[in-house]
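Participant: Protein chains in written order, with our numbering: chain A, 385 to 495; chain B, 616 to 731.
The set of hints was computed from the structure by calculation and includes no laboratory data. Just so you know, not all the hints are guaranteed correct.
As the list claims (entries may be wrong) - Listed below are the simulated SDA-like cross-link pairs for lysine to any residue, each with C-alpha atoms no more than 25 Å apart in a straight line: (1) 487(A) with 643(B); (2) 426(A) with 690(B); (3) 440(A) with 653(B); (4) 455(A) with 674(B); (5) 455(A) with 465(A); (6) 455(A) with 466(A); (7) 452(A) with 465(A); (8) 426(A) with 631(B); (9) 628(B) with 727(B); (10) 426(A) with 659(B); (11) 628(B) with 710(B); (12) 426(A) with 621(B); (13) 455(A) with 642(B); (14) 487(A) with 404(A); (15) 455(A) with 426(A); (16) 487(A) with 654(B); (17) 426(A) with 642(B).
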Amino acid sequence: GESVGLHLPTLSVQEGDNSIINCAYSNSASDYFIWYKQESGKGPQFIIDIRSNMDKRQGQRVTVLLNKTVKHLSLQIAATQPGDSAVYFCAENGSNYKLTFGKGTLLTVNP
Amino acid sequence: EAGVTQSPTHLIKTRGQQATLRCSPISGHTSVYWYQQALGLGLQFLLWYDEGEERNRGNFPPRFSGRQFPNYSSELNVNALELEDSALYLCASSLAGLAGLYNEQFFGPGTRLTVL
Numbered sequence: 385g386e387s388v389g390l391h392l393p394t395l396s397v398q399e400g401d402n403s404i405i406n407c408a409y410s411n412s413a414s415d416y417f418i419w420y421k422q423e424s425g426k427g428p429q430f431i432i433d434i435r436s437n438m439d440k441r442q443g444q445r446v447t448v449l450l451n452k453t454v455k456h457l458s459l460q461i462a463a464t465q466p467g468d469s470a471v472y473f474c475a476e477n478g479s480n481y482k483l484t485f486g487k488g489t490l491l492t493v494n495p
Numbered sequence: 616e617a618g619v620t621q622s623p624t625h626l627i628k629t630r631g632q633q634a635t636l637r638c639s640p641i642s643g644h645t646s647v648y649w650y651q652q653a654l655g656l657g658l659q660f661l662l663w664y665d666e667g668e669e670r671n672r673g674n675f676p677p678r679f680s681g682r683q684f685p686n687y688s689s690e691l692n693v694n695a696l697e698l699e700d701s702a703l704y705l706c707a708s709s710l711a712g713l714a715g716l717y718n719e720q721f722f723g724p725g726t727r728l729t730v731l
């Protein structure tokens, strides 16, 4: 069946360091992946997406890498800031036009 | 431009009761999605409405239902509430149609449902 999972449930980094959040997916037919950020008390916020015909996409301070061979997705945040502290979810478009979300990784940025 | 809005913010019900949650999408968005976020779990897809029609539903029992109105706002109804229905219910909206699969989903702040 479809599943999206995360390797690390929590990640603690120092302010200014780079952060890497990983995600594994199992549906080889998925062709669209998204990273969301959810701050406490708020709904998820879109960060960046990537289609399966790409292996890398960059945004402002964020980069998503897609390795279809091993079905792995990662989110890199450069120069992590306290405002980046949140839960990060990866999601994939599974079958039947619905998004399947992972459980999330809690990123804590220490000043 | 206003974002996705949801009401109420919090809802407390007892077992067996019914709950109605409401969502207003971003202006111009015709697709509305509902997700359940239980404590410690990721978002679980519930329902997708587009142009007033239910397009897809997740693995939830029939007592979870909803509808989309002509103005594209949506309701989620949960009948015969059970304790495990306690969760944050999130609504998202996006631009239209099946092609909207690749359109960004914008989320509302959610409705916190507590079942006692």
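Participant: Next step is simple, just say for each hint if it's right about the structure.
Facilitator: Hint check:
{"no.": "1", "hint": "487(A) with 643(B)", "in the structure": "violated (30 Å)"}
{"no.": "2", "hint": "426(A) with 690(B)", "in the structure": "holds (20 Å)"}
{"no.": "3", "hint": "440(A) with 653(B)", "in the structure": "violated (32 Å)"}
{"no.": "4", "hint": "455(A) with 674(B)", "in the structure": "holds (24 Å)"}
{"no.": "5", "hint": "455(A) with 465(A)", "in the structure": "violated (29 Å)"}
{"no.": "6", "hint": "455(A) with 466(A)", "in the structure": "violated (30 Å)"}
{"no.": "7", "hint": "452(A) with 465(A)", "in the structure": "violated (30 Å)"}
{"no.": "8", "hint": "426(A) with 631(B)", "in the structure": "violated (28 Å)"}
{"no.": "9", "hint": "628(B) with 727(B)", "in the structure": "holds (11 Å)"}
{"no.": "10", "hint": "426(A) with 659(B)", "in the structure": "holds (16 Å)"}
{"no.": "11", "hint": "628(B) with 710(B)", "in the structure": "violated (33 Å)"}
{"no.": "12", "hint": "426(A) with 621(B)", "in the structure": "holds (12 Å)"}
{"no.": "13", "hint": "455(A) with 642(B)", "in the structure": "violated (36 Å)"}
{"no.": "14", "hint": "487(A) with 404(A)", "in the structure": "holds (16 Å)"}
{"no.": "15", "hint": "455(A) with 426(A)", "in the structure": "violated (29 Å)"}
{"no.": "16", "hint": "487(A) with 654(B)", "in the structure": "holds (10 Å)"}
{"no.": "17", "hint": "426(A) with 642(B)", "in the structure": "holds (20 Å)"}
The structure fails hints 1, 3, 5, 6, 7, 8, 11, 13 and 15 (numbered hints given earlier, in ascending order).
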